[in-house]
Amino acid sequence: MNTGQISLQAVRSLRRYRLRTSLMMLGILVGIASLAVLSSLGEATKRETMQRFKNMLGTFDAIIVRPGGGRTRGMPTLVNMPPTLRFDDAAAIATELPGIKAVAEVQNAFDIDVKYRDQSSSPAIFGVSPNWLALRSEEVADGAFFTPGQNTSLARVAVLGPDVRNRMFPGEDPIGKTIRIADVPFEVIGGLKSRGAGPAGASLDNVVLIPINTASRRLFNRDFLTMLIVQVKDPERGDEATAEVAALLRWRHHIQPPALDDFTITNPAATMARVTSAGSTLTKILTGVSIMALLIGGVVIMSLMSIAVSERRKEIGVRRSVGAAQVDVVLQFLLEAALVSVAGGIAGVMIGWGGVQLVARMQKLPPILVWEPFLAAILLSLAVGVVFGIYPAWRASRVDPIQALRS
Amino acid sequence: MIEVEDISKTYARGEHDSVHALSAVSVRIAPGEFVVVRGASGSGKSTLLNILGCLDLPTTGSYRLDGENVARYSDRQLARVRNAKIGFIFQSFNLLPRTTALENVEIPMVYGRGLVERKKAMAALERVGLASRAGHFASELSGGEQQRVAVARALINSPALILADEPTGNLDLAAGSEVMRLLSDLHREGRTILLVTHDDAVAAYASREILLRDGHIISDHTRLTNLVEGGR
Numbered sequence: 000m001n002t003g004q005i006s007l008q009a010v011r012s013l014r015r016y017r018l019r020t021s022l023m024m025l026g027i028l029v030g031i032a033s034l035a036v037l038s039s040l041g042e043a044t045k046r047e048t049m050q051r052f053k054n055m056l057g058t059f060d061a062i063i064v065r066p067g068g069g070r071t072r073g074m075p076t077l078v079n080m081p082p083t084l085r086f087d088d089a090a091a092i093a094t095e096l097p098g099i100k101a102v103a104e105v106q107n108a109f110d111i112d113v114k115y116r117d118q119s120s121s122p123a124i125f126g127v128s129p130n131w132l133a134l135r136s137e138e139v140a141d142g143a144f145f146t147p148g149q150n151t152s153l154a155r156v157a158v159l160g161p162d163v164r165n166r167m168f169p170g171e172d173p174i175g176k177t178i179r180i181a182d183v184p185f186e187v188i189g190g191l192k193s194r195g196a197g198p199a200g201a202s203l204d205n206v207v208l209i210p211i212n213t214a215s216r217r218l219f220n221r222d223f224l225t226m227l228i229v230q231v232k233d234p235e236r237g238d239e240a241t242a243e244v245a246a247l248l249r250w251r252h253h254i255q256p257p258a259l260d261d262f263t264i265t266n267p268a269a270t271m272a273r274v275t276s277a278g279s280t281l282t283k284i285l286t287g288v289s290i291m292a293l294l295i296g297g298v299v300i301m302s303l304m305s306i307a308v309s310e311r312r313k314e315i316g317v318r319r320s321v322g323a324a325q326v327d328v329v330l331q332f333l334l335e336a337a338l339v340s341v342a343g344g345i346a347g348v349m350i351g352w353g354g355v356q357l358v359a360r361m362q363k364l365p366p367i368l369v370w371e372p373f374l375a376a377i378l379l380s381l382a383v384g385v386v387f388g389i390y391p392a393w394r395a396s397r398v399d400p401i402q403a404l405r406s
Numbered sequence: 000m001i002e003v004e005d006i007s008k009t010y011a012r013g014e015h016d017s018v019h020a021l022s023a024v025s026v027r028i029a030p031g032e033f034v035v036v037r038g039a040s041g042s043g044k045s046t047l048l049n050i051l052g053c054l055d056l057p058t059t060g061s062y063r064l065d066g067e068n069v070a071r072y073s074d075r076q077l078a079r080v081r082n083a084k085i086g087f088i089f090q091s092f093n094l095l096p097r098t099t100a101l102e103n104v105e106i107p108m109v110y111g112r113g114l115v116e117r118k119k120a121m122a123a124l125e126r127v128g129l130a131s132r133a134g135h136f137a138s139e140l141s142g143g144e145q146q147r148v149a150v151a152r153a154l155i156n157s158p159a160l161i162l163a164d165e166p167t168g169n170l171d172l173a174a175g176s177e178v179m180r181l182l183s184d185l186h187r188e189g190r191t192i193l194l195v196t197h198d199d200a201v202a203a204y205a206s207r208e209i210l211l212r213d214g215h216i217i218s219d220h221t222r223l224t225n226l227v228e229g230g231r
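Protein chains in written order, with numbering that gives the first Met the number 0: chain A, 0 to 406; chain B, 0 to 231.
Since the hints were made in silico from the structure, they are not lab data.
Only true hints are included.
Capping the alpha-carbon separation at 30 Å, the derived lysine-lysine pairs in DSS-like fashion look like this:
1) A:K100 with A:K232
2) A:K313 with B:K119
3) A:K313 with B:K118
4) A:K192 with A:K363
The calculated label-pair distances, taken between Cβ atoms and stated as ranges, are:
5) A:L374 with B:Q76: 37 to 45 Å
6) A:G3 with B:D199: 43 to 51 Å
7) A:L374 with B:S157: 46 to 54 Å
8) B:Q76 with A:E310: 28 to 36 Å
9) A:V10 with B:H215: 43 to 51 Å
10) A:L378 with B:K118: 38 to 46 Å
11) A:M291 with B:G134: 42 to 50 Å
12) B:N169 with A:W370: 55 to 63 Å
13) B:S141 with A:S6: 26 to 34 Å
14) A:V10 with B:H135: 15 to 23 Å
15) A:S309 with B:G134: 23 to 31 Å
Short, incomplete list of chain B residues facing chain A, as computed with Cβ under 7 Å:
16) N49
17) L54
18) R75
19) A78
20) N82
21) F87
22) N93
23) L95
24) I106
25) V109
26) Y110
Small disclaimer: the values here were computed from a predicted structure and weren't measured.
Cβ coordinates follow ideal geometry from the N, Cα and C atoms, glycine included.
Starting from the given sequences, assemble the full structure and let the hints guide the process.
Have a look at this one:
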């Protein structure tokens, strides 16, 4: 048995019957292309979602406490939040719960004018505790972050996000300059590194950070918090930490169930896991549809090959008469099915690759370089070709050469 | 060359009925003979040809081809024997469609032990006078040319035995005699040829005639004797 030569015969047969070959390739092509698009988009979206969550959170070992019961839409601010979350709540969580590593206090507001000379802007203003930088794994690009001392002394110092910095100080070093936040002068002491986009796709860089105590006493004149970021010691025990924080806050706020909580705790790591797995559920359904398309492609190969066996009975008879054994005939037809399927798979991968880049551009995702699904798709098309080629190949080998040659 | 001993072939027809296509046929053919097999349709000559060509196995009896007892060979062993020792020529040419003359001639080499040598196929085409048509598809050739390509294909593996089933049946007189001239050249080179035909003019090329009726050999004699006795 000369496999190389028989492969060549298989290739020639496929070239001889171009229309049939194209039709057989088509089903596989569609299935593989959609499968490749879906799986690589699914994978890329998952990675992108995780990246954005990471951008927003800095770390996955933090839970977020907000004032008010029930779910609130959008960012909490001093305007829309009830005054239920206090500084001493933050201190209690940090000191009384052994599973907690650190707590960052946050007061934030939007729609506050920030001015520098004739420039005016309204970025998000965040009053945060000095441990913010470490807790969020953020970094200062230039200058410095404020110190605990500056927080205690109510220093009017500000650290700018890259968006604010670029907009208000184009081509100018902002360090040491004075900006006015709601007409209160602040000295710029540093600039943050870029964090990119958050889960909603918006920039996380349009922000000004000031010390929490300064914010509370000198700017907002509010003694409650809009958010606590609670870093847990063991990220695996996020749910337990959530329960402990909730219990502590209920006790401190004198809440007896069934009375409703006046705070809300979210565990972003859990949320992210839910979001990415929800994404993959949709991907799974669509993948199932693509696999159906691929199976239909396989059935098309099987039926067209079976018809081809009937039409090529004489050819089979001739091959047998000049020395082809039944296994040689099986091999040739199996190779034809496998080759046509892999060719369809490769074409599908190429079209799918193009489709992925197109969808990525439309969805404003970064260029997607996920190659594993494409390799898997080609292997899958090979498997489909072989499996659906077995029946026609077996039929071809059963053709009686005597009758075939007489007809 | 061919030693057929007491072979018979029975086909089942329905559950209880069966047809005896060949009954206790024995025949010996020496190397270099040119034998014609004749008989009415249904006389068993096709069955005999298929068994001699290792496409079919006898129900009983033994068949030695070139020293090998092939009567109980497996599919693979038979395929190897067909490839190495037998060249078929059919009435309907049986070239592969949408395939060039050259590629058709190459096909027996695909299933052989050696390499597929294009040069060898080209030489075989030259031998039948069709070197200039090597790149043409089978469908672009005349009937006579197609049959000559089939002769080249039958020759390519240098078989010991050439089996021709009505090789001129679909050809006009000129093309038919061209094919017969090729076959008698092959005979003169020492090849064993077994030919099935109804055509007296074609049968006249053979040196021996076997006549079949109802699965039995009813006569087996040299053509020369036949001619001398004035039979035809």
